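If you're matching them up, the sequences are chains A and B in order. The number in my numbering is simply the position in the first sequence, starting from 1, with 51 added. The number in my numbering is simply the position in the second sequence, starting from 1, with 51 added.
Because the hints were derived from the structure by calculation, they are not lab data. Treat the hints with care, since some could be wrong.
Here chain A is said to cover these stretches of chain B; the calculated rule only asks that three of the stretch's residues, wherever they fall, bring their Cβ under 8 Å from a Cβ of chain A [claimed, not checked]:
#1 65-76
#2 105-114
#3 128-139
#4 243-254
#5 280-287
#6 405-419
List time: in silico DSS-like cross-link candidates among lysine-lysine, alpha-carbon distance up to 30 Å [to be verified]:
#7 A/K328 <-> B/K308
#8 B/K308 <-> A/K99
#9 A/K99 <-> B/K328
#10 A/K406 <-> B/K328
In silico negatives: residues of chain B with every beta carbon more than 12 Å from chain A [to be verified]:
#11 E124
#12 L153
#13 N227
#14 R349
#15 I353
#16 I371
Here the structure is a predicted model, which means the values were calculated and not measured. In this text, a Cβ means the ideal position worked out from N, Cα and C, and glycines have one as well.
2 protein chains.
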Amino acid sequence: MSLTEEQIESLVRAVREQDNDSILRTTAGIYPADISALLHQLSPLESKYLIELLPPDMSAEIISNLEVNVRQELLQLFSPQELATIVDYMDSDDAADLLHELPLRTREEVLALLSPEQSNYIKDLLRYEPNCAGGLMATELIKANINWTVGRCIEEIRRQAENVRKVYAVYVVDDNDVLIGRLPLKQIVIAKDEEPIRNLVIEDVIAVETYRTGEEVAALMQKYDLEAIPVIDMRGRLLGRITIDDIVDFIVEQADKDLQAVAGISEDIQEDDSIWKLTRARLPWLLIGMLGGILGARFIGIFERDLAAIPAMAFFIPLITATGGNVGIQSSTIVVQSLAENTTFHISFWERLGKVILVALLNGLVISTVVFAFNIAIFNRFTLAVVVSLALFSVVILASVMGTITPLLLNRLGINPALASGPFITTANDLVGLAVYFLVARFVYELFPS
Amino acid sequence: MSLTEEQIESLVRAVREQDNDSILRTTAGIYPADISALLHQLSPLESKYLIELLPPDMSAEIISNLEVNVRQELLQLFSPQELATIVDYMDSDDAADLLHELPLRTREEVLALLSPEQSNYIKDLLRYEPNCAGGLMATELIKANINWTVGRCIEEIRRQAENVRKVYAVYVVDDNDVLIGRLPLKQIVIAKDEEPIRNLVIEDVIAVETYRTGEEVAALMQKYDLEAIPVIDMRGRLLGRITIDDIVDFIVEQADKDLQAVAGISEDIQEDDSIWKLTRARLPWLLIGMLGGILGARFIGIFERDLAAIPAMAFFIPLITATGGNVGIQSSTIVVQSLAENTTFHISFWERLGKVILVALLNGLVISTVVFAFNIAIFNRFTLAVVVSLALFSVVILASVMGTITPLLLNRLGINPALASGPFITTANDLVGLAVYFLVARFVYELFPS
C-alpha cells in the first residue's frame, strides 16, 4: 500500500545522505507512483540520484507518472544518452509525451540513439498533437489475424506478455491490418485452443480515428464503459489503442482547466509552484477586472451630479453588480456543463434562450420583489426602491442571456467555453449592470422627481 | 457505432406509432447506452413502452445507464413485479442503486419478489451509502481459492462467464475468503492448466475497505492506473469489486458538483430540467447574494454624508468589490484543487498562508500602482487616488487570506471546499471590500482634507 510518513521521511533522508543500501531497501516492493509523488520533496538533483539508482523499468514508470512541469525541470539534468535509456523502457505513448516536452535538439539526439525500429514507432506518434486520439494512443497491443486459431492467439499473447502490460482484449485484423473486431480475453480463456477466432470475434467494435479529440474519446469511453478503445487510420487499419487510465488523467486535467477558467487563472498552476509563476497566472485576469473597474468608474463619473443630488443611489451599486455577476456565472456554468456532456444537443438555440429567459423572469421577479420590500422597510425611499428593483429585474434577465450566449459563442469559435464563466463575463456584467442602473435611475427620476 | 439523427428520428416515430416491427428492427445491434440517451426525447410512458418491448437484459442496462432524475420519473410507472424482473437482470451495484432510489415501500415489495439468494445479496449492498466503497462495489467477480490450479480457475471463469461481464483478474482468497492476491487474466491465458495458482498469484494487491470514500477510491485507481479494485471487510475478506467505469462516472459527477458549487448552483441540475427546478436550484445563492447587497447598502449608508461631500468616492465601488471577488475566487480555487489532488499535503498551514500573502503582495502592488497611475491621468484627484489604491492593496491581501482559509476550514468541517469559491465568499469579499474602502477613505481624508 501507500508509503507511510515515516517511510517517506527515511527515504528522503537516505537520498540526501546518498545511503544506497537504505534507498534500495526502502524502495523494494514500492509502487513507482508512490515514488513519483515523493519527488515533490526532493530537489531535481536528488531526484536524479534516486532515479538512476533504481532499475530502469521502474525509473521509466516513475518519470511517466510525474507532472509535466516537474518532469521538465528534472529532465534538463539528463544527457541524451541517459534519456534514451529511459525512453527505451517506456510505453510508446509515454515516450512520445516525454519527447514532445524536450527541446527540439535534445529530442533529435535522443531519437538518434534509439534502435531504428523504436525510433520509427515513436516518430509516428510524435506527428500527433498530444490531446487527440493519435497523441493519446500507445502502439503496444495484441493483434491477431482473423485466420488464426485461439491457440495461435495465445502464442501471440505469450510472445508479447512482457511488452504489453495490460491486456483486455485481442484486436482482430484482416491481412491488410484493417480492424475487424475484438476478442475479449475472457473468451480466449474459456475457448478451446483449436477454435478458429473467426467464430468468436465480436465484430461490433467501437474504434476512433486518430484525429478525434480527447474529449470525444473520453465521452465514448464513458458512455460505453470501455477500458480500452482501438485507434484506426482513415482506411480502418489498426494503429494503437487508448487505455482508460490515460483517459481518467485526461478527464481530471480537463476538469481542473474548467475550474481554473471559471476562477480566472490563466495557466495550469498548483499551490507548490513558485511565487512568480503563481503571480503570473493570476495577474492577467485581475488586470482585466481592474480595467473593467476603471471603465465602470468613468461611467459612474458621468452621473456625478445625480449622485451628488441623491447619494443614496451609491448604496445599491454593489447589490446590482453582485447580482449580475452571480446570475451570469450560474447561466454560463449550466451551458458549459451541457456542452461538456453533450447530452442536450437536441435543444435548439431558441428553445435554450426561451427557457433561460423564463427562469430569469422567475428569479428576477422574486429578487426584485424581496429587495423592494426590504428597501421600503429599511430605507423608506419609494422612488429609489422602484429604481433599484426595476434595475435588478433587468440585470437578472440581461446577465442570464449574456451568460447563455457567451459560452455558446466561445464554443463555436473553438475556445474553452468555461472561460465564459470567468472574470471576463463578470466584468462585462458589472458594466452592463451599472449602465442599466443609472439609466433606469435617470428615467424614473425624470418621471417622478422626488 | 452511435445512432445517426435519422435513426433516432425513425425510432422515436416508431415508438409513438407503436410500430413494434420497426422498433425491433432499428434497435437490433444498437448499444443500450445509445437507447438511454435517446429516452430524453420520449415521454416516460413512451420510454416504458420501448423498454418493455426489448429483451430484459438490454432493458436492465438501458435503465442502469439513465441519469438519476430521468430514471426516477420513469420507474414510477413500473409495478413492483416489473421492477423485480428488471432488477433480476442487473449487476448487483446497479440493482442496489436502483432500489436506493425507490420509495421505501416499493423497495420492500421488489425485494420480496426476488429470489432469496439475490435479495440477500442486494440487501447487503443496500446497507452502504451510495458514494462509499461499499456502495460503489458490485458483488459479481471471479474468486479462486489459493489451493486451486489454473485449470480449476478457468472452470470457474467458464461457469461465471455469463454473470461477470468484465473480467480483468481473478481474485485469490484463502479458505476463510480473506483476499490474498490477484491473478491477471493475461497470466491465466499463458499459464499451463496444471500449474497451481499459488505459484502465480500477485500478493501485492491494492484493496479498499467498504467504508472508504468514493474520492479515496478514485484517487487510488487514478494513481495506480487500476481498472478494478477489490473491496474487503474489516477482516480482509473479499466482498466485491469496483470497476473503473463506475469511478469515471463518479469523477465526472464530482467535477460537475465542484463547478456548480463555484457557480452558486445548489442542486445537481441540467439544462433540460424543468423551469421550476432550474429556478429552485439558482435562487438560494442569489438570495444570499442579495442579502449581502442589502447589507452593503446599509453599510454604505453610514457614509452617506461623506458621499454627498465627495460623490466621486462612489465611482470606485465596483472596482473595489470586483477585485476582491476575483482575488478571492482565484485563491480558493487553488486551494480546492490541491485539496482534491492531495499532492501537496506536506505544505503546512503557515507555509501556505505565507506564500499566499507573498503572491498577494505582488499582485496587490501591481494593481494598485496601475490604478494609481490611471487615476491621476484620468480623474486627476490625488487624495482619492491614494484612497483607492490603498484600499485596493488591502482588499487584495484580505481576499487572498480569506480565499485560502475558507476552503481549508470547510474541508475540516467535512463540507465541499468548492463552496468556498462560490457566491458566499464573493458576497463576504464584497462586504469586506466596502468596509476597507470607506474606512481607508475616512482615515485618509481626515489626514489630508482635500
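Has the stretch 105-114 of chain B got at least three residues whose CB is nearer than 8 Å to a CB belonging to chain A? n = 0 at 8 Å, threshold three: violated.
If we take the beta carbon of B/E124, is the closest beta carbon in chain A still more than 12 Å away? Given a closest Cβ separation of 16 Å, the condition holds.
Counting residues of the stretch 405-419 of chain B whose CB is closer than 8 Å to a CB in chain A, do you get three or more? holds (count 7)
Below or equal to 30 Å on CA atoms is what counts here, so check B/K308 against A/K99. With Cα atoms ~39 Å apart, B/K308 and A/K99 exceed 30 Å; violated.
Tell me if chain A covers the stretch 280-287 of chain B under the three-residue, 8 Å CB rule, please? violated (count 0)
Proximity test - 8 Å, beta-carbon atoms, the stretch 128-139 of chain B to chain A, at least three hits: That given contact is violated, which follows from only 0 residues of the stretch 128-139 of chain B lying within Cβ reach (below 8 Å) of chain A.
How does the coverage statement for the stretch 243-254 of chain B fare against chain A, requiring three or more residues with Cβ below 8 Å from a Cβ of that chain? Answer violated; 0 residues pass the 8 Å Cβ test.
Consistency of the no-contact label for B/I371, given chain A and a CB cut of 12 Å: Answer for B/I371: violated, closest chain A Cβ roughly 8 Å.
Hey, does B/L153 actually stay past 12 Å from chain A on C-beta? Label holds. Min Cβ-Cβ 24 Å, cutoff 12 Å.
Hint check: A/K406 vs B/K328, CA-CA at most 30 Å. Holds or violated? Holds, because 12 Å separates the two Cα atoms, which is no more than 30 Å.
Determine whether the non-interface label on B/N227 survives the test: each CB of chain A must be over 12 Å from its CB. 21 Å, holds
Against the 30 Å threshold, does the CA-CA distance of A/K328 and B/K308 hold or violate the hint? 28 Å, holds
The earlier numbered hints that this structure contradicts are 1, 2, 3, 4, 5, 8, 9, 14, 15, 16.
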